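Engineer: Each chain is listed here by its residues.
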Amino acid sequence: MSVFSVFSRVSRKSLIASLLALLAFAAADLWVWRTLEEAYTKTRDGRMRGIAASIAASAPASPAERTAWGERLKGAERDFDAAVTEGFPETGKPLGPVPVVTTAPELVALLTGPDPHVAKGVESAGYDEPFQSGQRVTIGGSERILVFAPLHGAPGEATGVALLAFRTDASDRFIFLLRLFACLAAVAFATILAIARLSRDPVLSSVVLTLFVIVGVFTAYPLFEAGRLTLVRADGSFTRDVWKSVFTEGRSLAALRGSIQLGALTATASTLIGFLFAFVVGRTTIGCKRLLTAAATMPVISPPFSLTLSVILLFGNNGLVTQRLLGLHDVSIYGLTGLVLVQTMGMFPIAFLTLAGILEGIDSTLEEAAMDLGASRLHTFLTVTLPLAVPGLLSAWLLVFTNSLADFANPLILAGDFRVLSVEAYIEVTGMNRLGTGAALSILLLLPTLTAFTAQRRWVARKSFVTVTGKPSGRITEIVSPGVRRVLFCAVWGVVIFLAALYGTIVAGCFVKNWGIDYTFSLVNIREAFERGRDALVDTVTLAAVATPIAGVLSMIAAAILTRRSFPFKRALEYGLMTPFALPGTLMGISYILAFNKPPVLLVGTAAIIVINYVIRELPVGVEGGVAALRQIDPSIEEAAQDLGADTPRVFRDIILPLLRPAFISSLSYTFVRSMTAVSAVIFLISARWYHVTVLIYNFSENLRFGLASVLATSLIVIVLAAMGLMRLLVGRNRNLDKTLLSR
Amino acid sequence: MPTPGKRSAPESVRIENVTKTFRDPATGRENTVVRDVSLDIAPGELVTLLGPSGCGKTTTLRMVAGFETPTSGRVFIGSDDVTQLPPNKRDTAMVFRSYGLFPHMNVRENVAYGLKLRKRPAREIDERVAAMLAMVGLKGYETRPPSRLSGGQQQRVALARSLIVEPGVLLLDEPLSNLDALLREQMRVEIRRLQRSLGITALYVTHDRVEAMSLSDRIVVMRSGEIVQTGSPQEIYRNPTSVFTAGFVGKATFFPGVFRSGAVEIRGRTIRVARFAPELKDGDACAVMCRPESLVLLPPGEGVAEGIVIANIYLGHSVEAVIRPVATDGGDSAPTEAQSADFIVQIDNPHQEHADAPDGALRPRIYPEGARVSVGIDPALAKALVPEAE
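Sequence lines, in order, name chains A and B.
Residue numbers for the first sequence follow the numbering used here, so the first one is 111 and each next one is one higher.
Residue numbers for the second sequence follow the numbering used here, so the first one is 61 and each next one is one higher.
Extracted from the complex, chain A is given alone in its bound form:
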């Protein structure tokens, strides 16, 4: 059923009524706009005349004083240029003996020039009347309004002219906004009217339209602004300088190389460990599989910086292992090695969960058949098991690669001299205030990310992503020999124990007086961390708690509309909603501050910008889960409800939402966890009023207050685990959720 096909046959009567309503609104709109603009121009003109009069009145009479006064005028911050002259200049003649004081030489030329408006202004001043020229002139590259005021040598008599040229950009921008809003109001009214009057399903049409507006304003517009800034100078002219400098400066290229190098190494290491885990869980009878799976899930829900933190605590300059146990002093964990270590520990779960489904799904009979035909165990593994897992391996590698490129938190602390794009972009923006370059770098980051992401989607994702439960409950025939089994066992548990040690270190860090120097037990850190971090913790939980239900409901609505309804530009909407999934957080953050630090959508500094950012970024995963769930629900269930008299919102509430409960709750907890542990985008968006704990953890780490950082990281882990546990209680074990959680 089409939403807009609807407009086809509409009765003439309702069309006329709608047109009349539209006309009435347009008239009212026009009246409000004209009145406001009129009032504004009047105020602006009054202010300009007042300033002109006071400048004219304050000009000293003596030539020496006048010159000094002119200098002061030049130095002052103002939105106008002025020229003050004694006597009344006439066209073509040079000015009299008293020096002209001016802040812009063009004004003097203007005074003696042939412009009839200027002549009129000078004449008015001669009659002791202020004058504002209707004609604009261009001075110093910007448009000006000219105001003339009489100069009083003696009371009641005009002896000269003060010419002021006011900049118009600020007032023009105001008037532009006024017009924009007037037009938007008219368009909005027309749309609402059209939907209410002409659409067969007004609710559906409004929801579709709202989604389009959301995508337009909060995804397309910021990206456009970010792109525009890299190509446009402050005054609006086109420039290639930003990109030229990005591609010629060694730093940027080194960062690009670094990102790709780090991504490739991390992806390879993570895929290997992930395959090891998946193989042990899926293809062997080694026990404690649930524990292994849980251990592999931990890094995904733990806040950023936590693994970095513990790696520094253990292997850093004052690390427990490096310094205390081994006595090493000149080994640095900062740089590529440390980053690969931390990222691999943090991201191998992505590879694990991608591969687990595939390896578990392989039917043991295939391997049995191979061995039955005379293949050795190794040969069976190489010719049957491994080839079946190849698409999964590729997919896992690409997923980890994109994650590593987008990773911001770990390199921010641990990179040392090693450069990666996400951190470079952040430094450009916050450290050097070069927004254009920052935007360019984050766009540069998008290229490899997007390439890998698309490649992954094209290949295996379709097969593996939507696998809901699907473990064929057959028994497993092990194809490993006892010796290999022992090796696998040790390797897997080695990784688990290492992970446990990392997390143990963070917890231990909370209770130690001063890590690296004084290892005595103390609760000082905990007290101080909560004192200093309480507000940030409250903010973080509040923001996540606000964003969670919005993202949850919105994603289910979007999923329902995308699967169940057809409307024009559906594909475009789908892409628009899913795009943020592939965007690195740094790019999101930068484009948000660029787009929303000015009218018409001024949001920087508010809680709204952070919440919106959370919602937009986490929406795709919720939508994906909702779509997958809806595909398994017979559409005639919804049709039956509609047929019995339920309208669209009612069908959504009574039927779709209850049936989507698992996907809905997954989406809720996903958004909550991700919002609690966000950093890459939110670090650009926080303000004095709204802070995020992860940023505070970063600040503490930067100042080497690792104890405080550990306390905050631990409390985040506890909050997130509690939230996850609550969700598990509500929906039961859900492999799909783990998977969606890991897919970033």
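Simulated from the structure, these hints should not be mistaken for laboratory data.
Heads up, some of the hints might be wrong.
[Claimed, not checked] Partial chain B-side listing against chain A, Cβ under 8 Å, derived: (1) N148; (2) G174; (3) R178.
Just so we're clear, the structure is a prediction, and the values are computed from it rather than from any experiment.
C-beta atoms are modelled at their ideal positions from N, C-alpha and C, and glycine is treated no differently.
Starting from the structure of chain A, add chain B where the hints point.
Structural biologist: Here is chain B on its own, set in the frame of chain A:
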């Protein structure tokens, strides 16, 4: 109906020159599924849309329900033009092929849903649901979820859920296609009984001719988006207007012949068929449609066509003999498509093995498999039709 409150009267339905075209979003190609269909349904009537899959019958039904909007044409329920109304604003209730039961509600909640939407008082809802469940024989299943019901029970819940809102029009989209044969027969009777006793207007979609024949007041035969014939089950069966209808609504054998002013010439024999298509003109080739019960087996050479018995299918009340035609003298009539198809001859009362022949001798009624036979036509039941262009 043992429920209080006013009953909405059964509504008439009028479909006026309705066409539905779908556009394939991938290729942009247009596909016309329903072409200029017009149909009137009287209040209280049960009309069946019958046709092979893909003939547009379900789309037509969904346009009456409001799930599809016609590309052109109009749909009326009663005297109201509902073409642009969404399903929830139409006085229709649909029984879906897959039932569409709400899996998160139990039987009672499923049946009560429509009344809840209509904001009936809780007490009335309870009473009416109880009455309806009793009516469809589901007393005692109130708190079961649909997943713990058998197919037939689910079907009854779906029916009860639609009937309880007392719709002006009941729409049924192949409601029995997911049931096994025995249940299907039972439910057929049940649906007919409920529809009759409630006096409800119903539009029924099926591709099963037996279902259509046994249920309907009127059958609408559809093919490739168009209506090819409308009539009572008897009319459609005995007096089809096309080879397609004849073949689709019942078993039929077609003998190629030549039309000669009210009679048909088959293989040199002239047979005065009872009915013929009005389009036929003298000398036209025609197909003589014969139902299995209007054919008899005769000794070789006595009938209009020769063949070999390839199977005798014992059905209890009758035997169906399948005769594979053989080319005989090969001279005057070249074999056609219709000729190459097997003849199906129904022999009633198969336990009587012989019939009295005109000459007083006993003739076998059933021939053993492999026997050479001839097939004779009862002209009173045959009809000459325009042959299908292949």
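Engineer: So which of the earlier hints does this model not fit?
Structural biologist: none
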